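S.K.: Each chain, letter by letter, is given below.
2 protein chains.
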Amino acid sequence: MPILVMKFGGTSVADLARIRNAAGKVAEEVARGNDVIVIVSAMAGRTNELVGWVDGIAPLHDAREYDAVVSSGENITAGLMALTLQDMDIPARSWQGWQVPLRTSSAHGAARILDIPRDNLDAKFAEGMKVAVVAGFQGISPEGRITTLGRGGSDTTAVAFAAAFDAVRCDIYTDVDGVYTADPRICDGARRLDRIAFEEMLELASLGAKVLQTRSVELAMRYKVPLRVLSSFEQTDETSGTVVCDEEETMESRVVSGVAHSRDEAKITLLSVADRPGIAAAIFGPLAEAGVNVDMIVQNISEDGRTDMTFSCPVGQLERARKAMTDARDRGDFRFVELVTDTGVAKVSVVGIGMRSHAGVAARMFQALAREGINIKVITTSEIKISVLIDRKYMELAVQALHDAFELDKIP
Amino acid sequence: MPILVMKFGGTSVADLARIRNAAGKVAEEVARGNDVIVIVSAMAGRTNELVGWVDGIAPLHDAREYDAVVSSGENITAGLMALTLQDMDIPARSWQGWQVPLRTSSAHGAARILDIPRDNLDAKFAEGMKVAVVAGFQGISPEGRITTLGRGGSDTTAVAFAAAFDAVRCDIYTDVDGVYTADPRICDGARRLDRIAFEEMLELASLGAKVLQTRSVELAMRYKVPLRVLSSFEQTDETSGTVVCDEEETMESRVVSGVAHSRDEAKITLLSVADRPGIAAAIFGPLAEAGVNVDMIVQNISEDGRTDMTFSCPVGQLERARKAMTDARDRGDFRFVELVTDTGVAKVSVVGIGMRSHAGVAARMFQALAREGINIKVITTSEIKISVLIDRKYMELAVQALHDAFELDKIP
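If you're matching them up, the sequences are chains A and B in order.
Each residue of the first sequence is one higher than the one before, starting from 53 at the first, in the working numbering.
Each residue of the second sequence is one higher than the one before, starting from 53 at the first, in the working numbering.
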């Protein structure tokens with residue numbers, strides 16, 4: 053029996069009516085002859101509520117307890133979804149992470165998936181279960197504690213199950229109907245893409261396009277899991293949504309595929325750092341240990357043996373980053389005169405596989421921003437992406453200007 | 053190291069401030085040199101919310117999924133309590149039922165506790181853990197599914213842990229400061245009891261006095277667990293609350309100790325049942341199988357080989373009872389002409405160990421109700437209790453009349 057993985061995000065299961073709507077989509081796939089593994093997120097708002105409580109107790113908390121608390125949201129949805137399917141006469145049951153078991157590392161709050169043994173689910177499928185509803189985002193550590201995979205980990209759960217069970221497809225149902233050339237809420241003319249390459253999706257995801265989580269795309273790329281993003285709020289069929297696939301399978305060819313933005317960025321500058329060999333390792337080692345996702349890095353030209361070091365990270369990790377830096381200074385790892393933060397910045401990026409073979413993309417991007425009088429604070433580039441950090445107030449303007457400059461509203 | 057069990061009910065952990073307050077009480081006991089097992093309920097309102105969702109999907113639902121969903125409330129509190137204790141520099145961690153493990157039967161929704169192996173908690177206590185925060189109300193079945201012990205099961209969890217770990221005491225913190233002669237919210241002159249016998253508490257609990265759950269009192273009586281009910285909202289010390297103990301240890305002696313009431317009763321009458329040997333078994337067998345807690349039973353005098361059978365059960369089980377009865381009739385187990393229900397009834401009871409040796413309690417009770425013009429619909433008695441079913445609108449009046457008649461406002 054072919055196995056299909058279907059994942060429903062928080063807004064797709066926000067209340068009983070939406071859970072019933074999602075269950076209807078599962079029922080359609082069962083009627084088509086599939087055994088289905090459904091991965092569910094917490095009902096919209098739940099996880100934030102739980103996180104709020106944990107943060108209300110102590111900003112620096114035991115990640116094991118954090119995981120035990122926040123994982124409960126997905127458990128609730130899994131049970132409710134199983135009940136809804138049963139009410140539609142579909143043999144279904146819920147599975148919490150430890151019941152599958154989805155084995156992970158002990159890195160609480162951001163655990164890595166180690167293994168998903170098929171035995172338990174396979175046995176139940178053999179007994180007649182048609183749908184396994186699995187609580188996303190969570191697993192069990194070697195110590196028997198509950199772990200979570202980090203924000204958006206339900207996408208990763210879905211792809212991991214698709215890989216482990218050789219699924220015919222992994223459908224990610226969400227509140228948008230696919231991947232767009234830019235966020236249509238802030239950009240006129242933004243257009244849904246029928247197909248997009250894994251690499252492009254990866255850049256878009258890591259840049260804050262909230263359609264798919266980075267790790268889930270990486271995993272899908274590695275295990276060649278056919279991934280599809282589609283809306284849980286519309287009638288859908290075989291042609292709906294955006295398929296994320298290998299580069300060769302993408303039909304359209306263009307230099308730039310999309311414009312991404314990320315609102316919640318923070319910029320940190322260490323002023324007057326003693327510049328010596330190994331200074332970057334001394335700075336970014338402790339940041340990595342503290343779990344800070346450093347994104348862009350800029351080092352000024354050194355003067356008199358001293359330099360300024362600037363980097364960006366998510367706003368939510370700013371305090372952790374500040375503590376890691378001041379602790380390292382207090383330990384004598386390195387010295388700096390002052391730590392300056394800027395929480396009023398946003399990142400805007402253009403992404404496209406075509407950049408590999410086309411020159412002049414950066415120049416076209418900077419010109420478009422200059423025409424709007426937008427100052428660029430930090431620049432980073434990769435093979436298929438150019439990102440800039442700008443004042444947050446210009447973010448929407450920049451996205452629109454770039455979308456227009458690269459004529460993304462037109463079908464190539 | 054002596055082990056103390058402390059249980060906090062839903063209102064005692066309703067928000068972060070209350071969890072912190074409860075944690076303060078735990079900290080006091082740790083400071084006195086105890087290792088503590090804390091049993092927590094779901095934050096007030098949570099379980100109802102979860103049950104509401106489950107009921108919103110299907111009134112007759114898979115109890116295994118119900119358990120998976122509703123048990124999440126206690127998990128959240130356990131994590132938050134552990135974090136709060138850690139923030140007070142007390143080594144604490146949370147334990148979900150399956151992690152302990154608290155092994156139960158597979159009777160989902162009303163599982164029986166089978167075993168609580170000490171190994172896991174003992175090992176952590178040996179490593180320096182001072183407080184184990186255990187999610188109440190839940191366990192794990194032999195099939196590896198999550199079970200719940202039924203409403204109020206956190207009290208039972210607490211007593212079971214106290215028995216398994218030879219606890220010096222089991223303190224039940226709740227929103228009242230002890231056991232009263234009647235519910236002070238509806239009865240003037242209601243008075244807190246310093247001590248009460250297990251047997252009396254058992255009757256009060258089974259009668260709907262919501263201070264302690266019946267099963268928890270049974271368990272405490274069987275394992276001689278010293279039980280104390282006290283308020284989590286007041287400064288408490290060694291003399292606070294009401295101690296539930298063996299009859300010999302109760303100090304006061306009186307005929308009637310308290311007046312209890314239960315609002316959510318339903319009365320069901322099967323009209324014109326063919327009266328034959330085995331008819332009671334034919335009726336109450338299916339009700340037991342359907343999980344209906346039949347309370348009072350009255351059978352009318354038989355006429356022409358036919359009789360009326362009346363029984364009461366909680367309002368929430370009325371539909372299940374009706375279905376069990378009509379199903380049994382449809383199967384041909386027995387016949388009746390009509391099934392009549394009355395959901396407008398309440399139960400009022402007087403309880404006291406002294407009744408065993410004092411006659412005339414029933415007469416005094418019926419006279420008091422008659423003086424107020426309250427009609428009695430059903431009567432049942434036990435060795436230390438007399439209960440009557442009356443119109444719900446007279447419930448408060450009846451409680452006050454009985455409290456006055458037995459002079460329970462006076463210290464004996």
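Please note that the accuracy of each hint is not assured.
Heads up, the list lumps identical chains together, so a pair's fine if it works in one copy or across two of them.
With a straight-line cut-off of 35 Å between C-alpha atoms, the simulated DSBU-like cross-links for lysine-lysine are [unchecked claim]:
1. K176 to K375
2. K77 to K375
3. K445 to K176
4. K276 to K182
5. K176 to K462
6. K462 to K375
7. K182 to K429
8. K182 to K375
9. K445 to K77
10. K429 to K276
11. K375 to K276
12. K182 to K445
13. K445 to K429
14. K176 to K429
15. K462 to K182
16. K429 to K77
17. K445 to K276
These are computed hints drawn from the structure, not numbers from a lab.
The structure displayed is predicted, hence computed values, not measured ones.
S.K.: Using 35 Å as the alpha carbon limit, work out where K445 and K176 are close: within a copy, between copies, both or neither.
M.R.: neither (53 Å within a copy, 52 Å between copies)
S.K.: Quick one: K176 to K375, C-alpha cut-off 35 Å, is that within a copy, between copies, both, or neither?
M.R.: Answer is between; shortest inter-copy Cα gap is 31 Å, intra-copy 49 Å.
S.K.: Can you tell me if K462 and K375 fall within 35 Å by alpha carbon in one copy, between copies, both or neither?
M.R.: neither (47 Å within a copy, 63 Å between copies)
S.K.: Checking an output row: K429 and K77, CA cutoff 35 Å. Within, between, both or neither?
M.R.: neither (46 Å within a copy, 52 Å between copies)
S.K.: For the identical chains here, do K445 and K429 meet the 35 Å Cα criterion within one copy, between copies, both, or neither?
M.R.: Within one copy only: 13 Å inside a chain, 73 Å across chains, cut-off 35 Å.
S.K.: How would you label the pair K176, K462 (within, between, both, or neither) given a Cα cut-off of 35 Å?
M.R.: neither (49 Å within a copy, 63 Å between copies)
S.K.: At 35 Å max between alpha carbons, let me know whether K445 reaches K77 within a copy, between copies, both or neither.
M.R.: neither (40 Å within a copy, 49 Å between copies)
S.K.: Please sort K375 with K276 into within, between, both or neither, judging by C-alpha distance up to 35 Å.
M.R.: neither (40 Å within a copy, 52 Å between copies)
S.K.: With 35 Å as the alpha-carbon cut-off, assign the pair K445 and K276 to within, between, both or neither.
M.R.: neither (39 Å within a copy, 68 Å between copies)
S.K.: I want to check one pair: K176 and K429. Are their C-alpha atoms no more than 35 Å apart within a copy, between two copies, both, or neither?
M.R.: For K176 and K429, the Cα distance exceeds 35 Å both inside one copy (55 Å) and across copies (51 Å).
S.K.: For K429 and K276, with the copy left unspecified, which applies at a CA distance of at most 35 Å: within, between, both, or neither?
M.R.: Classified as neither: same-chain Cα gap 37 Å, cross-chain 72 Å, threshold 35 Å.
S.K.: Taking 35 Å as the upper bound on the Cα-Cα distance, should K182 and K429 be classified as within, between, both, or neither?
M.R.: neither (53 Å within a copy, 51 Å between copies)
Violation of the numbered hints given earlier is confined to hints 3, 5, 6, 7, 9, 10, 11, 12, 14, 15, 16 and 17; the remaining hints are satisfied by the structure.
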